[in-house]
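Undergrad: Spelled out, the chains give:
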Amino acid sequence: MCAVIYTEDLTKTYGKARGIRDVNLTVEEGEVFGFLGPNGAGKTTAIRVLMNFLRPTSGRAEVFGRDTVKHSVEIRSAVGNLPGEFALEDKMTGERLLKFFARLRGVKDLGYARELAGRLGADLTRPMRRLSRGNKQKIGLIQAMFHRPPLLILDEPTGGLDPLVQEEFLRIIGEVRGEGRTVFFSSHVLSEVERVCDRVGIIREGELVDVEPTDNLVNKSFRHVRLVFEKPVDPGPFRALNGVENLCAEGPELRFTLYDDLDRMVKLAAQHRLVNMEYERPSLEEIFLTYYGASEEEDRDG
Amino acid sequence: MGELALRKPSGTLVALVAHTLRLQLKSALIWGGVLGAYAAAMVASYLSFGDPQQMEQIMAAYPPELLEAFGITDMSTIEGYLAGQVFNLAPLALAFFPILALSAAIAGSEERGTIDVLLGNPVPRWQLVVGSFVATAVSLLLIVFIMGAMMYGTAVLADTELGFVASVEGVLNLWPISLFFGGLALLCSAVFHRRALAIAVPGLVLLAMYLADTLGRVSEDLEVYRDFSVFYYYAPEGSAITDGIDWASFFGITGLAILFALFAVLVFRRRDIYT
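Top to bottom, those sequences are chains X and H.
My numbering puts the first sequence at residues 1 to 302.
My numbering puts the second sequence at residues 1 to 275.
Just to be clear, a hint being listed does not mean it is correct.
[Unchecked claim] Using 27 Å as the maximum straight-line C-alpha spacing, the simulated DSS-like pairs for lysine-lysine come out as follows:
{"id": "1", "chain 1": "X", "residue 1": "K267", "chain 2": "X", "residue 2": "K231"}
{"id": "2", "chain 1": "X", "residue 1": "K220", "chain 2": "X", "residue 2": "K267"}
{"id": "3", "chain 1": "H", "residue 1": "K26", "chain 2": "X", "residue 2": "K91"}
{"id": "4", "chain 1": "X", "residue 1": "K91", "chain 2": "X", "residue 2": "K108"}
{"id": "5", "chain 1": "X", "residue 1": "K99", "chain 2": "X", "residue 2": "K136"}
{"id": "6", "chain 1": "X", "residue 1": "K108", "chain 2": "X", "residue 2": "K136"}
{"id": "7", "chain 1": "X", "residue 1": "K99", "chain 2": "H", "residue 2": "K8"}
{"id": "8", "chain 1": "X", "residue 1": "K267", "chain 2": "H", "residue 2": "K26"}
{"id": "9", "chain 1": "X", "residue 1": "K108", "chain 2": "H", "residue 2": "K8"}
{"id": "10", "chain 1": "X", "residue 1": "K70", "chain 2": "H", "residue 2": "K8"}
{"id": "11", "chain 1": "X", "residue 1": "K136", "chain 2": "X", "residue 2": "K91"}
{"id": "12", "chain 1": "H", "residue 1": "K26", "chain 2": "X", "residue 2": "K99"}
Just so you know, these hints were derived from the structure itself, not from any lab.
If you're wondering where the values come from, they're calculated on a predicted model, not measured in any experiment.
Construct all of the structure, not just a fragment, from the sequences and the given hints.
TA: So, in structure tokens, the structure goes:
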């Protein structure tokens, strides 16, 4: 496999404000790569540098082996991009806009665009000014994908989409991977990353802190557990379980964070009459805080 | 993936110009209609005076400096009347069409957030600048054509002796001076990230140059400042509708407008895009 995206010490700063710092990243051909980080972490800046909307302060980036500054136009001919914050010409309908983009790309057939519109439930006949945020997002996704680019770079692609459309979008991403194409997308929603990504890169405060297979990230994440029994139980055995932290007992209810040993916890709970059980995955923000969330004060102290 | 053939698509500049023209068409028709209606109304108002001698008497009642300041030299002919009433003032209004259009091309697109989607396509940045400039220049031609057609059409319907060639030269001479301020707006749009600045700077330059030319006509002390005003070169000897187009000035002003656009290309090629 070859690197579709390669960055070396890629840095972009805005005066004194933070951008990205020394990002070293490789995305291989045919993989779906999730770029994760809380808001303001630098995801959008990194994507905008790859698209040559922003010029690197130092370091370099390559897409398909070409320098992103020197060969930007050639690169964009093979990339479908959904920007994070975007608008479309108010007066134009989706159909007219896609015809314009097809002309810019030398695409003759809009059949796949119409297929995507059907699957995502996008209305191509109404002017943009009459579309909701979610419907504009659908048009944005279609314009990124309709020409079947070898690389998709998508910034928060599911923002504003309802759950059914999100589901369909993730199916489409699965198909794109099945065709051997590459997807690089930023997100802060762990569940969608878990569904489709092969690997994830974690960016925090402008620095790429980790790159690992998605399974590793998901497996090392903890769960919030809430057990409600018919009558109060002794919390001691639960507290003694390996991986149980922050246990709180209130009457018949136990709440705790579970890092490990799900099987033993379930077996222990099954010894009592269980009325309700909630097993909730943490938000990505919580995972960041737990695994990557060393505060700036700690950084300074360190 | 190393063998992936990456290519620059062809025909993108033509597509960009056509796209921009389509977006500008409605406003160009409105601008042409409004300015054409004004010019037609001036033709009709000239006819209402009836006798050219009556017009000469009205002129005699005004101080010559005032008439000079507003470019009114001869009201005994309809061309002379239109020179003062229409073509002396029209650039002040018409220049705002390219200023508004070209300030939106870069800074406006950044503010609206449309530029990322457009440049996500394989379009070189220079083509975005040149495409906007060319499309606006064509839209300006459409506006002056509509204006001229309505002005001349009214004269024909009223059976007045307004020369066809004089009419064409009068309206065509509006094109370079308006494009000059459009080019300046495009350059400001490339330099600044704020559309308001890209409108304000050429707007202020327009006003300053108009005042420099107007005051320079009435005051010998201020006459030297006319050299720095594009309005002086717009009508160096007289109005284009009465004396014909000064082609050296016509192409000189057009050249400056193109120069602004080229500077805009140079600036925009190297700068970051913010949305």
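Undergrad: What hints, given by number in increasing order, does this structure fail?
TA: 8
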